[in-house]
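Q: Protein chains in written order, with the working numbering: chain Z, 1 to 92; chain X, 1 to 95; chain V, 1 to 492; chain D, 1 to 97; chain G, 1 to 311.
Don't read these hints as lab results, they were simulated from the structure. Bear in mind the structure is a predicted one, so any value in this text is a computation, not a measurement. Glycine residues also receive a C-beta, built at the ideal position from the N, C-alpha and C atoms. You may find that some hints are simply not true.
[Said to hold, decoys possible] Among chain V residues calculated to face chain G with C-beta under 8 Å, some are:
hint, residue
1, F25
2, V58
3, R62
4, I63
5, W66
6, L119
7, A443
8, P445
9, G446
10, P449
11, P450
The lines below spell out each chain.
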Amino acid sequence: MSLPPGTLFLLASALLFAIGTHGLVTCRHLLRKVLALNVATTGVFLLLVTLGRSGTTVDPVPHAMVLTGIVVALSTTAVALGLIVRLERRRP
Amino acid sequence: MTVFYLAGALFLLGNVAVALARVLRGPTAADRMLSGELMGTTAVAVLLLLYGATGIEALLDVALVFAILAAMAVVTFVRRTWPEDPVDDNGGETP
Amino acid sequence: MDLPSTAVLVVVLVTLPLAAATLLFASGRQPRTLTLAAALLLTVAALALGWNVHIEGVSVHRIGGWAAPLGIHWQVTPSGTVMLLATALVGLAGAVYGAGYFLHRAGPEGRMARVFMPLWLFAWGGLNALFVAADLFNLYVALEVMTLASVALVALSARRMALQAAMRYLLAGLFGSVIYLLGVALLYGQYGVLDFDALATMLDPDDPGSRAGAVALTVGLLAKAAIFPLHFWLPGAHGRAEPPVSALLSGLVVAAAFYLMLRLWFGPLAGMLNFGAGTLLGVLGAGALLWGGVLALLQRRLKMLVAYSTVSQFGFAMLVFPLAVSGNRAPVLAGGTLLLANHALAKAALFLAAGTLVRASGSERIGQLVGFSGRARWAWLAVILASAALIGLPPTLGFSAKWLLLQAAVTEGAWWWLAVMLGGTLLTFAYLGRLLELALLDAAPGPSPPPVLTPALLAPALLLALLACVTGLWAFDFELDGKALARLEPGS
Amino acid sequence: MIMMAGTVLIVLGLLFFLSGTVGLLRFPDVFTRLHALSKADTLALGLVCAGLALHADDGALQLKLLLIWLLVIVSGATCSSLIARAALAHGIRPWQR
Amino acid sequence: MHPVEVTFDALLLFSMVVLAWQGVHARNMFRAVVSFMMFGLLTAVAWVRLEAPDIALAEASLGAGLTGALLLATLGRLGPERRGPRRRRAMKLSMLPWLALGLVGTTVLLAVTLSLPAPGLGEAVLAAMPAAGVDSPVTAVLLNFRAWDTLLEIGVMLLAVIALWSLGQDVLASTSRLPAPALPALVRVLFPLFVLSTFYLLWRGGHGPGGAFPAGALLAAGLVLALLAGARVPERMRGAPLRWAVGGGLFAFLIVAVGGMWAAGAFFAYPPQHASILIAIVEIAAGLSIGVMLTALFLGGEPTEVRRGRT
């Protein structure tokens with residue numbers, strides 16, 4: 001195995017980011033857009049943590065950043081879902 | 001021994017990857033939910049085996065959380081997504 | 001004079017809004033006195049901070065006593081202080097206006113009144129946290145506070161149009177956040193630091209990781225600042241929101257995202273601002289200037305005109321980047337900051353006055369607005385003064401800002417950018433002139449009996465517009481093109 | 001010896017997981033699939049837990065493993081019945097030969 | 001790395017990517033949501049593989065548990081997706097340039113990320129740990145070195161609650177008939193366990209993976225489950241008490257932060273001899289408050305105060 005460590009995770013994070021941003025731009029349904037956004041965010045989180053691992057010690061700072069990011073993502077997702085439901089109910 | 005655990009985890013992962021076909025095929029929402037259940041149980045088993053491989057005790061906590069939350073999705077599903085007698089709720093809007 | 005130390009003032013500025021908002025939310029009532037007292041206190045703190053910075057210059061504060069790169073720093077810079085001051089003035093004006101605008105305690109207006117103040121204070125706190133932050137990830141969280149508060153404020157009226165605008169705004173904002181976060185991850189992967197100063201000393205402008213990171217940060221902020229071609233969400237969100245909300249959003253929230261770009265490109269990323277990057281950003285700005293200006297000319301609704309004007313004005317602000325490529329950057333940064341402050345005051349005044357005029361006329365259409373009569377004349381006066389500031393007539397703050405930028409363009413021989421700036425100013429003149437002409441020469445009688453316009457609906461806009469006009473006289477004095485701003489570039 | 005037994009239990013558990021998946025894929029309707037899956041899975045997880053408990057030598061860990069298994073039994077059984085009821089209520093008829 | 005590990009990672013990440021794609025583009029919306037939830041489950045396993053058990057815990061409880069429930073609840077309140085047939089064909093044709101762009105973008109991103117040296121702050125954190133007041137490095141970063149981020153983040157959560165509540169009343173108010181007595185029975189068994197594990201995780205936070213976020217998420221999961229099983233927000237709790245429970249975490253955090261200004265001379269500084277206890281207080285307050293806030297997010301609106309005289 002000659003791959004540098006973390007290659008697979010970096011590849012997955014890049015793919016997830018691409019799938020997410022692509023979905024965000026092309027999908028029409030709002031719920032799909034929200035899901036796509038979460039996928040892209042997960043891609044960035046994976047990148048952060050993978051990078052935090054390549055040093056000599058495990059770097060806890062990216063871990064903390066991702067924990068914060070997960071909570072922020074959940075909060076914004078909840079607001080987005082609430083808006084979607086309200087919008088659906090007011091469809092003319 | 002570590003390799004045995006890892007191989008077991010890999011086996012489970014492959015198993016679940018095959019079971020994904022049921023999510024795609026459906027046909028009913030209940031079938032899809034069911035494969036979700038399988039995924040949950042398998043994830044618990046995978047975590048346990050990974051614990052065996054690495055010895056990180058926190059993984060047992062993760063498995064515990066998974067096991068506790070397994071019911072969450074199904075209960076929401078039968079109560080909210082697919083309720084038996086959909087009531088006419090006003091969408092929580094201010095009247 | 002013996003003022004509290006800068007550290008205490010910063011803590012007041014960032015924590016008081018959050019604490020007051022939590023109190024207001026938890027109490028579930030709407031004690032106007034509490035809100036207004038908090039707003040007043042925040043304004044006084046911002047003024048005191050301005051004085052301190054004027055005396056002491058840049059200062060750095062360690063949160064929790066931890067030094068960077070481990071801990072987070074606050075950095076109080078002159079440009080940040082200017083933004084803090086603008087935020088305080090607009091915040092106070094908006095709070096007073098809001099108290100007068102959502103009068104009824106029952107029905108949908110009562111609900112709006114109950115929610116407006118906590119959200120307003122949250123947005124204020126997020127903005128203050130942003131203007132003192134000097135840490136890439138801390139900025140991300142502060143940006144999210146600001147964005148989420150703004151989205152909730154846009155959705156305040158819960159009408160379908162407002163909800164749609166809020167949703168679109170939320171998605172655009174989160175799209176910006178994800179890309180910004182990607183930039184943070186890339187830069188952290190390259191250098192292992194998040195602190196601005198540390199980043200500035202370590203930055204290697206030629207390395208692909210830093211370049212990709214800089215691009216991602218910039219694209220994320222462009223989406224949040226609604227710079228052409230990522231401006232699509234702005235007119236709806238600003239045009240459909242309630243008037244005090246539009247004032248906050250157009251005046252400050254967009255400006256905050258733009259200010260971060262200034263902060264980054266004149267701070268840690270300064271080494272990367274070469275001809276290519278500057279020109280690209282400048283071209284985007286020119287596009288925004290033209291597109292927003294032309295669309296503003298075509299609008300029939302008052303608030304939509306003002307909203308498109310924001311797109312155009314931020315295009316103007318983008319021109320600081322090509323002007324700063326070579327030569328002395330301090331005056332360009334000063335010009336850019338003053339431009340943002342001028343825009344904040346004038347645009348907020350314009351939106352507040354527009355809200356009053358719409359209420360007085362019972363219609364949003366420009367052709368049906370009431371004329372220069374009765375109490376509405378005070379609102380028109382605010383519109384006229386704010387227009388003068390936006391166009392940049394002397395002696396307004398807008399004039400000082402544009403003068404600094406023009407000087408930079410002349411000394412650098414950047415004749416093309418000079419032409420764009422003049423064209424943009426003419427365009428601004430055109431659409432604001434059209435508004436005044438249509439409305440004043442062709443005034444409608446308005447509904448009868450005319451709605452009551454309380455001083456709370458008139459004074460804030462007028463005062464903001466006046467401030468935008470008179471502070472220009474004093475801006476040159478404020479060492480803005482001199483020593484204080486030369487210290488603005490951390491690490492240089 | 002005990003290690004060996006643990007290993008055997010784990011392998012058995014894995015096989016039961018496999019059988020559950022086969023059932024999920026091959027059985028004709030949602031009720032039969034439920035039947036196959038819930039039993040096989042619960043048993044399989046129990047076997048894996050038991051195997052690991054034999055490998056572990058710490059009482060607290062064994063207790064935690066037991067707790068995990070119990071949780072999966074309780075929630076698995078309830079959830080299966082909930083899904084089945086929901087499917088019935090929505091007019092999905094059980095498969096008949 | 002052993003080949004089995006590499007194969008495991010490859011299969012795991014491949015499944016994640018497939019599920020992510022399904023989660024965004026699956027034809028049926030329900031299928032998309034279920035795929036996304038499974039994606040969350042696998043993400044938690046991926047965190048384990050990346051030696052980040054803290055994140056795995058948070059992902060398992062927040063990401064996979066509550067987000068999934070939130071999505072399913074939302075789905076139940078949306079009508080069927082409307083999409084004209086014309087549009088679908090157009091989408092397929094327009095896929096090609098996107099695909100090319102995506103491939104190029106992914107490759108560039110991968111090439112850049114592979115080139116990153118990633119020095120990190122691991123050493124700096126290790127060096128500062130003795131003065132941190134807790135044993136777990138991640139908790140130290142969250143509640144001490146970068147506590148200001150965490151405070152703002154709790155602010156984001158409170159803001160989300162205010163935003164959602166400003167849109168209207170709670171959506172759980174209307175409940176359909178309870179399916180089977182199995183559900184309340186299940187909840188009666190599980191609820192004490194939820195509370196127990198909440199405190200277990202809070203206690204763990206000082207030493208190892210755990211802490212306020214997963215603990216709060218578990219508490220929220222228990223409360224949401226109880227609500228789904230037919231429990232109501234108690235009358236006495238509605239209005240101000242509930243609001244205080246929601247806002248209390250941020251308030252406690254602010255008090256400790258400003259108190260540091262007065263007691264230790266800097267915003268958010270903990271006096272060394274009291275650091276552990278202060279962090280514990282913040283952690284418990286934050287954990288409980290997060291639990292209530294997440295439940296409030298799930299409620300989707302403010303529980304209305306029922307006037308006396310009505311049942």
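Q: Quick check on V/V58 please, does its C-beta sit within 8 Å of some C-beta on chain G?
A: With a closest approach of 18 Å, the V/V58 hint is violated.
Q: Does the closest beta carbon of chain G sit nearer than 8 Å to the beta carbon of V/G446?
A: With Cβ-Cβ at 32 Å, over 8 Å, it is violated.
Q: Hint check: is the beta carbon of V/P450 less than 8 Å from a beta carbon of chain G?
A: Violated - the Cβ of V/P450 stays beyond 8 Å from chain G, reaching only about 31 Å at its closest.
Q: A closest beta-carbon separation below 8 Å is what the hint needs, so does V/P445 meet it against chain G?
A: Cβ of V/P445 sits 37 Å from chain G, so the hint is violated.
Q: Does V/R62 pass the interface check with chain G, least Cβ-Cβ distance below 8 Å?
A: 6 Å, holds
Q: Given V/I63 as an interface hint, is the shortest Cβ-Cβ distance to chain G below 8 Å?
A: Hint holds; V/I63 Cβ to chain G Cβ min 5 Å, cut 8 Å.
Q: Go through the hint on V/F25 and say holds or violated, using the shortest Cβ distance to chain G against 8 Å.
A: Holds. Min distance 5 Å.
Q: Please check whether V/P449 passes as an interface residue: C-beta within 8 Å of a C-beta belonging to chain G.
A: Nearest chain G Cβ about 32 Å off; hint violated.
Q: Was the hint right that V/A443 lines chain G, CB cutoff 8 Å?
A: 37 Å, violated
Q: Measuring from the C-beta of V/L119 to each C-beta in chain G, is the shortest one below 8 Å?
A: 6 Å, holds
Q: Under 8 Å is the threshold here; is the Cβ of V/W66 close enough to any Cβ of chain G for the hint to stand?
A: 5 Å, holds
Violated hints, listed in ascending order, are 2, 7, 8, 9, 10 and 11; each of the other numbered hints is respected by the structure.
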